[in-house]
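Number of protein chains: 4
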Amino acid sequence: PEVRGIADVDVGAARRLAGEIGVSRVSDDCRELLAAPDIDAVLVCSSTDTHADVVIDAATAGKQIFCEKPLDLDLGRIDAALAAVRRAGVRLMLGFNRRFDPDFRRVRDAVAAGAVGRPELLRITSRDPSPPPAEYVKRSGGMFLDMTIHDFDMARFVMDDEVEEVFVAAANLVDPAIGAAGDVDTAAIVLRFASGAIGTIDNSRRAVYGYDQRIEVFGSAGMVANANRTPHTAVHADASGFHAALPLNFFMERYSEAYAIELAAFVAALRAGTEPPVGGEDGRRAIVIGKAAGMSVKSGRPVRLSEVEATTAATAATGALA
Amino acid sequence: PEVRGIADVDVGAARRLAGEIGVSRVSDDCRELLAAPDIDAVLVCSSTDTHADVVIDAATAGKQIFCEKPLDLDLGRIDAALAAVRRAGVRLMLGFNRRFDPDFRRVRDAVAAGAVGRPELLRITSRDPSPPPAEYVKRSGGMFLDMTIHDFDMARFVMDDEVEEVFVAAANLVDPAIGAAGDVDTAAIVLRFASGAIGTIDNSRRAVYGYDQRIEVFGSAGMVANANRTPHTAVHADASGFHAALPLNFFMERYSEAYAIELAAFVAALRAGTEPPVGGEDGRRAIVIGKAAGMSVKSGRPVRLSEVEATTAATAATGALA
Amino acid sequence: PEVRGIADVDVGAARRLAGEIGVSRVSDDCRELLAAPDIDAVLVCSSTDTHADVVIDAATAGKQIFCEKPLDLDLGRIDAALAAVRRAGVRLMLGFNRRFDPDFRRVRDAVAAGAVGRPELLRITSRDPSPPPAEYVKRSGGMFLDMTIHDFDMARFVMDDEVEEVFVAAANLVDPAIGAAGDVDTAAIVLRFASGAIGTIDNSRRAVYGYDQRIEVFGSAGMVANANRTPHTAVHADASGFHAALPLNFFMERYSEAYAIELAAFVAALRAGTEPPVGGEDGRRAIVIGKAAGMSVKSGRPVRLSEVEATTAATAATGALA
Amino acid sequence: PEVRGIADVDVGAARRLAGEIGVSRVSDDCRELLAAPDIDAVLVCSSTDTHADVVIDAATAGKQIFCEKPLDLDLGRIDAALAAVRRAGVRLMLGFNRRFDPDFRRVRDAVAAGAVGRPELLRITSRDPSPPPAEYVKRSGGMFLDMTIHDFDMARFVMDDEVEEVFVAAANLVDPAIGAAGDVDTAAIVLRFASGAIGTIDNSRRAVYGYDQRIEVFGSAGMVANANRTPHTAVHADASGFHAALPLNFFMERYSEAYAIELAAFVAALRAGTEPPVGGEDGRRAIVIGKAAGMSVKSGRPVRLSEVEATTAATAATGALA
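Protein chains in written order, with the numbering used here: chain A, 1 to 322; chain B, 323 to 644; chain C, 645 to 966; chain D, 967 to 1288.
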């Protein structure tokens, strides 16, 4: 595969990247590139609020599509985008990069191979090294749709199961500005799966020791869990103890290998003419879980995913009436 | 300290133990020993339903008391026992043995010393190697009052904080007989603390790899966590992987050191004339959390501890009227 | 088994210990106790230079004998003691306590069970937390006969093989007073076994992080290795790294369990009427390896154990002539 | 930097690689490329016996040179090549790739920063997953010049010290064909450093659990050690134990990152006009240690590096006379 063009509303940024990787076509309007007949597929990496429109335009132009998560924060717009993709008969892959991390992949493969028997408990620890600016939090849809969404997708992926109910206990402990922006930065989440299995996720926007990304699946025949990756394995012992390295600090270091594998998987699926390994429906479901999480925080009780769908349908109906 | 007598309703069992450790006084009625003027303190290790009565009798007899958890399953009877202890002016220590485990103690000491800053998230994993008979489950008060009660106490201990609300997602996945007896065997529990911190506990009655007892406290300045103890540290590598030992199988192995330290702490407190390190109120609070957990399972929503107290007061009032 | 008497040239020390453990018979002369008909077995824990004489006296008195290592530093005196034991038909167990450490035992059992196939390489790390006084070094026979002797015995034990040749590269890096006393405090030792396998031992009299006691056996089908034991398993993460506990500091902590198992094995062998698990010949062989190590340091070349025996025989012959 | 041409006596192989990476100039004679004025630097990756000639030709042509280890197996030819490089005033970097491995680099940096105080003991474990064909062993100069040479260089690198004496206990335990070819496949090596520190290396040509590459440096103030890298961090627990991944299988996986860093360091040194981080003298010294190791195996005694130099000088003198 070859990069044939780069579009960015900040055309200077597009030019810099194009220069670095030796690409000649640059634009400030992605529709210009979508019109190019020598472009087969597009990577949609723009800001979240543009994803749905770009995906619809790309699908309409007959391009194969890789879109960074989330597809959109609004289920109606997600459904519109998915419908456009279906109508156009193109492929859409959602950028849940962690599915391609070798450690998580190994956990999932072990579960799929029956290494833990029937999965009964899932435990995800997902803590960022430091919080984003409160400004970002406002636009991103909040912690559940921006950060935890990866964990919701991972829960479905490693368990090969669907979430039915979500309960959240959340708090604003890290940065008051995040609270002022109406969001939380610390949470414990309980998931109920269709199979009867139960999962927990714990999130924090600030782990001073770095990016903490661990998964554990426990079942009738055992347990499988990964550990964090470190930049080196050296351990130093002195009179005060044994000292080991911090984890790789954030997603650019932790998931660099995953990003490469992810793109290779997208290309491989296009070449084979098969469905990409993460589809639009996966993107939608993670958003539904995230919305249920938000509703749980507001209501202080567990929320079933069917309630999110019902609310959406009701809103859509109201919208239709208005 | 010297063991001066052993009472057991199964007097044969009392005689066997007395023979092993060289004790001459044996009885099938503990009140006989409670009447002995040369006995200063008693260890109440009988079945749960007798604890409150024996504690009341022992307190009335002026003995110092160590009582295995739980004091009782009924808050009214617990309060009666605690009142008897207070009236008699004797000391009462509750047998939360895990507080004396060197690993958990280290975790708690690190938290108390500020090593994690302000505690924000607690994570307790507590899984038994294999389920008890369903018959036992019926008499024991169920998983929350029999097994998780240790975790509830541990939560208070390591966080040095009070639980205010409990949410439970539980299931009967391990043994149908446990479900038939009206209990659960798998659970994810969310705790809210007075400080605003949040905790999770995950429980299973069956971990095929052995007794899984881990605690992690995460806070504004870091994290502290223990690992399971193993009978040996040897690792074996062959063409299929690296293989390490299972954890110590169950509480008799895992907590053998804790039991010894616990009794020494009881004796030391009596000699120093100070309050024992785990008091009757600690025993009561763990029961209240356990009852809230049960109410959460029944109601499907988070339950505040104040609701348990209100229910108890109402029941007591009804009882007073009757 | 019951302790029936304690003899110590420092009779005050004997009295203090007797008081602690409730023993009434105390003496400043062990021969007094050896004459007692109600004593079946003796534990010889006096200073090294007295071991051979006490063992001979005890054997002559028909007592079963546990003797702390080494039996003696002189092979002629060792042989005399072993002959006395044989003549008397009593059992003699040598106190190589590390054979009873659960971790080393597991390594050895794995090797014996074929888990590593044919053993090819052995690696022992044996480092003390801090050096003994130079005064002690002079009397103890030096590092090889006092400290490394445990590693020499362990090499024979885990490999179930005999050492044939020893090469040592040693130095005085830790404490100049040890060098002034004619000894070394740092060494790398290479062992050649009868089977063709090769082993290394590295020693230091000072590991600032504590007692470092690790063994690794590598063979045609894999590897088995232990790790150091720590007082707790808690790990603390902060912005500077992950921090874990130091090993148990020295032999009293590291091998407390081994000492208890060792004595139980002695008693069990006596009761069963079988050979104790560590015999006089084991004690002798470790000394021969230690002497070969000393000869290697002096000569700067590898030394075969047969050279030690030849030297001893020559000395004995000379002594016989004199 | 840009690859401007590829030469290989197997010109088909050169063409395939050129096609893969988009290079147009291909030759079966490296002298053709050495004559090209638009080529600044060359990577010498041909078979060992051609290294010296190609380096001399490249130096004469004024090219900057990266040469895979070893420069040659003959000290006379190494000296001739180094002299040619000096005369030409070009830079020469030797391909000791392990110096660029992040784990070993961290160990070395910790030692250089004083984290272990004065280094006293070094321990290198270096075991290949499976032996090379005996045919290769014959041409490669044998285990010490082909495999252990990396460890000899690593010893100098992490200790920042020079080896003065080598003792080897070696055996042919893995493959009889290796023995028939006059080589060994299993070894324990003791190094004496100029500082007085002591090191051990253990080697095997076959570790069934994969490539075992560990270093430990122990000193007056502590210890630093690395662990093996694994393809994933997942651990699986079942009723038989805890199971973890094998190490990355061999040098292509283990050192892929190191190779990239190594080449970047070569380019960076050329651009900065500084000496490359591994020079010709480093290549020569590792060979001298390797030859001393071979002499130790033959003679059964420790060999000083000065003996190797004396032998070489004598041979050179004889050669000059002949």
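Since the hints were derived computationally from the structure, they do not count as laboratory data. There's no promise every hint is true.
[Said to hold, decoys possible] Below, computed lysine-lysine pairings styled on DSS-like, alpha-carbon distance capped at 25 Å:
{"no.": "1", "chain 1": "A", "residue 1": "K298", "chain 2": "A", "residue 2": "K138"}
{"no.": "2", "chain 1": "B", "residue 1": "K620", "chain 2": "A", "residue 2": "K298"}
{"no.": "3", "chain 1": "A", "residue 1": "K138", "chain 2": "A", "residue 2": "K69"}
{"no.": "4", "chain 1": "C", "residue 1": "K713", "chain 2": "C", "residue 2": "K782"}
{"no.": "5", "chain 1": "D", "residue 1": "K1264", "chain 2": "D", "residue 2": "K1104"}
{"no.": "6", "chain 1": "D", "residue 1": "K1104", "chain 2": "C", "residue 2": "K942"}
Inset, instruction - Output the numbers, in ascending order, of every earlier hint that fails for this structure. - result: 6
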